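Position chains B, C and D against the provided structure of chain A, taking the given hints into account.
For the record, the sequence lines run as chains A, B, C and D. For what it's worth, this note's numbering labels the leading residue of the first sequence as 19, then goes sequentially. For what it's worth, this note's numbering labels the leading residue of the second sequence as 19, then goes sequentially. For what it's worth, this note's numbering labels the leading residue of the third sequence as 19, then goes sequentially. For what it's worth, this note's numbering labels the leading residue of the fourth sequence as 19, then goes sequentially.
By construction, these hints were calculated from the structure, which means they are not laboratory data. There is no bait here: all hints are sound.
In silico SDA-like cross-links for lysine to any residue, where the CA-CA straight-line distance does not exceed 25 Å: (1) B:K411 - C:R297; (2) C:K411 - B:Q309; (3) A:K64 - A:P137; (4) B:K411 - C:E298; (5) C:K411 - D:A300; (6) D:K64 - D:A50; (7) A:K411 - D:Q36; (8) C:K411 - B:L299; (9) A:K64 - A:L45.
Keep in mind that this is a model prediction, so the values were computed, not measured.
If you want the building blocks of each chain, they are given just below.
There are 4 protein chains.
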Amino acid sequence: MDFSIPTQTQEILDRVRQFVADELYPLERQAAGRTFRELVPRLHEKRDLVRRLGFWQPQIPRAHGGMGLGFLEHALVSEQLAYSPYGHYVFGAQAPDAGNMEILLEFGTPGQRQRWLQPLLAGTARSCFSMTEPDRPGSNPVWLETTAVQEGDQYVINGHKWFTTAADGAAFAIVMAVTNPDAPPHLRASQIIVPTDAAGFQLVRNIPCMGHAGDDWASHGEIVYDQVRVPVENRLGEEGAGFAIAQSRLGPGRIHHCMRWIGIAQRSLELMCQRAIARELAPGQPLADQQTVQNWIAESQAEITAARLMVLDAGWKIDHIGARAARVEISAIKFHAARVMLEVVDRAIQAHGALGVTDDTVLQYFYRHERSARIYDGPDEVHKRVVARQLLKRHGYRRR
Amino acid sequence: MDFSIPTQTQEILDRVRQFVADELYPLERQAAGRTFRELVPRLHEKRDLVRRLGFWQPQIPRAHGGMGLGFLEHALVSEQLAYSPYGHYVFGAQAPDAGNMEILLEFGTPGQRQRWLQPLLAGTARSCFSMTEPDRPGSNPVWLETTAVQEGDQYVINGHKWFTTAADGAAFAIVMAVTNPDAPPHLRASQIIVPTDAAGFQLVRNIPCMGHAGDDWASHGEIVYDQVRVPVENRLGEEGAGFAIAQSRLGPGRIHHCMRWIGIAQRSLELMCQRAIARELAPGQPLADQQTVQNWIAESQAEITAARLMVLDAGWKIDHIGARAARVEISAIKFHAARVMLEVVDRAIQAHGALGVTDDTVLQYFYRHERSARIYDGPDEVHKRVVARQLLKRHGYRRR
Amino acid sequence: MDFSIPTQTQEILDRVRQFVADELYPLERQAAGRTFRELVPRLHEKRDLVRRLGFWQPQIPRAHGGMGLGFLEHALVSEQLAYSPYGHYVFGAQAPDAGNMEILLEFGTPGQRQRWLQPLLAGTARSCFSMTEPDRPGSNPVWLETTAVQEGDQYVINGHKWFTTAADGAAFAIVMAVTNPDAPPHLRASQIIVPTDAAGFQLVRNIPCMGHAGDDWASHGEIVYDQVRVPVENRLGEEGAGFAIAQSRLGPGRIHHCMRWIGIAQRSLELMCQRAIARELAPGQPLADQQTVQNWIAESQAEITAARLMVLDAGWKIDHIGARAARVEISAIKFHAARVMLEVVDRAIQAHGALGVTDDTVLQYFYRHERSARIYDGPDEVHKRVVARQLLKRHGYRRR
Amino acid sequence: MDFSIPTQTQEILDRVRQFVADELYPLERQAAGRTFRELVPRLHEKRDLVRRLGFWQPQIPRAHGGMGLGFLEHALVSEQLAYSPYGHYVFGAQAPDAGNMEILLEFGTPGQRQRWLQPLLAGTARSCFSMTEPDRPGSNPVWLETTAVQEGDQYVINGHKWFTTAADGAAFAIVMAVTNPDAPPHLRASQIIVPTDAAGFQLVRNIPCMGHAGDDWASHGEIVYDQVRVPVENRLGEEGAGFAIAQSRLGPGRIHHCMRWIGIAQRSLELMCQRAIARELAPGQPLADQQTVQNWIAESQAEITAARLMVLDAGWKIDHIGARAARVEISAIKFHAARVMLEVVDRAIQAHGALGVTDDTVLQYFYRHERSARIYDGPDEVHKRVVARQLLKRHGYRRR
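Extracted from the complex, chain A is given alone in its bound form (with noise of 0.2 Å):
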């Protein structure tokens, strides 16, 4: 055992974190009131920063252009960068393109790479992942009305989805539809890249989410797909591997979200250190001095560090023993650091008083934003009984 984060790693640490205080906090509060568009040309200015330093895409291998960070590495990365909502999308980090990105580089042909993935790596475009569908729970995955029926050498694709984040302004998405419906239900799906300039696809809206439609990258689109034709090549993987290459990258994926929610803790509490330290009850009274604003920062400070343990143990067993070893940690991590998140956000709201409620500090939008932590990507609740009958499993139990 040995819990000790490498010299090098821990420079490369101390640098984001003070280019995220230095760069990125000051944006916070231009953001208010803006689109996410008008931010964008100032985000670019900050990426030229970012390749400057060779931070750009850490998570993505030398030979593409990225920083080329072990999995961990980029993990501890992942939680600086999420000190400020800006931080993943300015060092080519940011959610749905990077999950995008690794697919294409595990399981891209070399021309879909070439023609779908350059232009991610170089951050020229963007990209969505259309999996969710409003008539059928994430809870259950592989439940999906949305079809590709293969006519010649094409994929019409009909079908209605939901909180498709980021499609506005995407380049392509990358396209959940069943082509195999007479499969067993985990080999019915296939993912399939369509351009979202092809005809039939329809973007309804941004879905207005906590009192917001947002835009562009920072958005969740409706999508229609009606009678979308891609040619058959666009398809990832085998037919019916979707769920396969959906799953590949759960693992992952799961260790970066949680990471994420880890630095939003973390600041957070940053945030209540600093209030507590500078507001005063009455003269001389500083709220700092109060008991339960002490165990806010304690109970915070204690719940982080577990979970962020956890996290990193997940993520480290993902790397050792695999993925499918490490089932109950990756459901487990889901639910656990999302609440943990969610609680001291919560009291970091709390201990700021009015102030907490406005755009003044960041913490509002993390209550408004992250409050999905635990709902997509599966629910707590689904993820609690993923856990539940692996330990049963474990105790003997066969269900009947």
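Coordinates of chains B, C and D only, in the frame set by chain A:
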């Protein structure tokens, strides 16, 4: 002891509930993406309907054109109004006007009533209450920076306020300002009526909260009072009576806030039940059959029932033994009911899955807007201290 | 609505409270390390005092020698009695005798009353209620193994029961046994009076619970019924009416249990306040000044107040609209009040520090003995299901 | 970073676990209703087995007859031992002897080691540590009443202690007493060895806790030191070094406590899983299929995993950067791990229904005995303050 609601009151409640469901629920989705100002014409049409039904201003004496309901009756109506974010506005019972009307009715001179109260009763003007200051904690309400210095027959007011709810478009503000800086803390401030068109009254901004600046009634103003001059006759009550007046409205105002929260919790529970029935996790397997969702429903029902009775009991005590004797109850309901509401809203969102964070239901509105319930009007922490100190006192404790 | 307690009732409550504090609190420390049987003589001396004050058996009609209190009045008295673990016993209102007396009063024949009820009313004998079975979950009360087969004018009873409270030293048990195995589930069992000296009645052991087997009234018996023969006339009510009779006592019994828990919580809060005042963390720095302890006191006060009103409201509803119509309330108070009690007890222990786990206060007794409140009489989970299903039904849900 | 456990260590852990399950679990039910003294012969038989396996005193250097495990290795063994309440005792690693052995090894003179340490290493004598005082809060350890006044070459000790664990039957106590009342608070006390047969050493009582006075090793003594005289050479280390010595053992001792709690939580989770599988709610409907129970299992698994890593990380830090630098971690694990353990135990009891409160499982023992984990060694509240103050300090806070 009698826990029954008189038949006549129950009839009113049923009719109000029906009205809210039929006329106001449909407005919720129309509101998404619109400013409040854009909604106002529709809301005023609904007000006309309310007047025709004889439900206008339930809390106002008949002599002044209201329904003349008793205190607890109005509390029960308030619960029903809260099922929709527009209920109180449409029935003419919205904060801060409702509170200001009560102050003017109780402490206003005939002239003040004529000039400032009449338009509020008629619904032709709005008002605001300007107390909270950015650099002074709400937990210490006697520590104010804003001053009103008498010069001749005028007050000259200087100060910086925020969270002056609904200042945007208001005809006047009731401002809390220090008039007697050398008096004991609770006798330093007065309440003074300031027309918003007075020279030096600057609405700096509608404070962006939870991602929205809001507008019109649905906003919280930051205001600078810069050498604002008003006639001395604009003062409400005696000089130095500002806190006494505020205190006198605190108990009743608390009941209405809390019953509003109970109504919000009830609506959220209603939505949770409806969703549980409508949503299937797999064919023939409704969400309602999930034990976790059943737990949420049952716990919400129990907590709402308990909190609701606690609020009604506190209201009954204010009515029968007076607000001073009911101090413990008035503080206890503040933190208890707010917590219950927020937990129920949170569970309802979780039960809705992805839909729960969209603007397609009202839940996300409650989630964002009502987080401040644990902060305004004294944060949880202050009210817990009040309750504890009173109880300790009853056990013989004297602070040193 | 009227939340007041009649003056006359309040006087009774005050006198009962005083009696409990003066006469029963001192017994608590004497009880440490003693068997219950050793305490009995002292408890019976106290019973004499109670009789002299006219407080004997508050729940029993005057015609039968009790105080003849109304249902809610007795609930309020029950709260006061619960401040001491000996309150109910000393006032002749202890489970399971109180429930058995009510069953005999309502369903007993004159002969049954004469023989079995009279000694309970006089306090010269005790009884027990034998329902729970080790191999059958309490959450499914219609699934029983114990049978009573009629042979001639006798029932032959065979079965295995446990948690037959107070069997040790009881004169008789009321046994729930299947008499009609082919009837629909709710019509299968009957309640039959079995004298404990009947051949084949074997008290296997007093079940050690939380480290103590207990004895006499303060015990839970494991009993084997091995070919026990009793006359058919020992049956209470019609054959197959066992559940109907049990159900009829459920609502009122629930109120008394819950008010007992409220009383326990109140006593614990009282002890917490007293300790906070008496204990110093440093010279001149009482525990009462710690904000965390103040939070505990305030939250406990709020939660007890809310839960208490909820129980009283449920009791009022049983009285005025009947137990069937109050089904949701009767289940909701079970899990809600038990949770509140246990949390308050836990906080009180924490506030006492090391003293809190010693037998020098009654808190550890509550902690150990009342943990089962969340289990007996249907665990939390069952009652949550009942509440949820009823609510879902009101929203139109029909189970498939 | 490396989260793996070396194969060799894992083998030891597996064998220890097997031993505990095979040899010690069966003792649990035998223990019910017996004094500890009655169990001792059986426990000492098990000790012989342990010695034969080469597992005696895992924490003690080989030169002194132990296994000579490294710090973290022993922490992992300690987790396994805690699956049974008898694990530590049987392996010779039980508090308070383990701590006293460490003190004597590190600070004892050759003479002290010869006389007092040897019998502990051999398992032929027991000892106790006498620090806590009834009239002084454990949260303020430098505020002690007990004094040791030097007269000639003797100390004369006077004072009143309690919660001197295992005093009953111990050969000696290490007593914390004020020797230098005029020194700064942290330099006032010394640790002095007092044989329990010294004149004036009065074991007043084994303090009844949670209904049991306990006896022998399984007891907490209340002790009066009345003019007890011991030679000055019985002092450990320098005069006034009492706290420094206590501090030096605090970090390592904390890890062992916390790993013990983790083991208890693991055992409870194991029992919960086994019960869920074995128990049927209706024919063919095991408890394991209940979603609520699955939630408990999953949440327990997640919380235990997170807390466990947190404790191991703190241990690793003590080993690598020192206890002083790991102060935040050492305090954070105290309140966090204790809470997690108690919640898991509570859930396991609930999953067992009525069985859960009986002595037929070990859960009720954990429930009663381990409640004090949140109190001894500094209550939660003290450790939260420590964590908060350190964090605030890192953010620049200086107390006034």
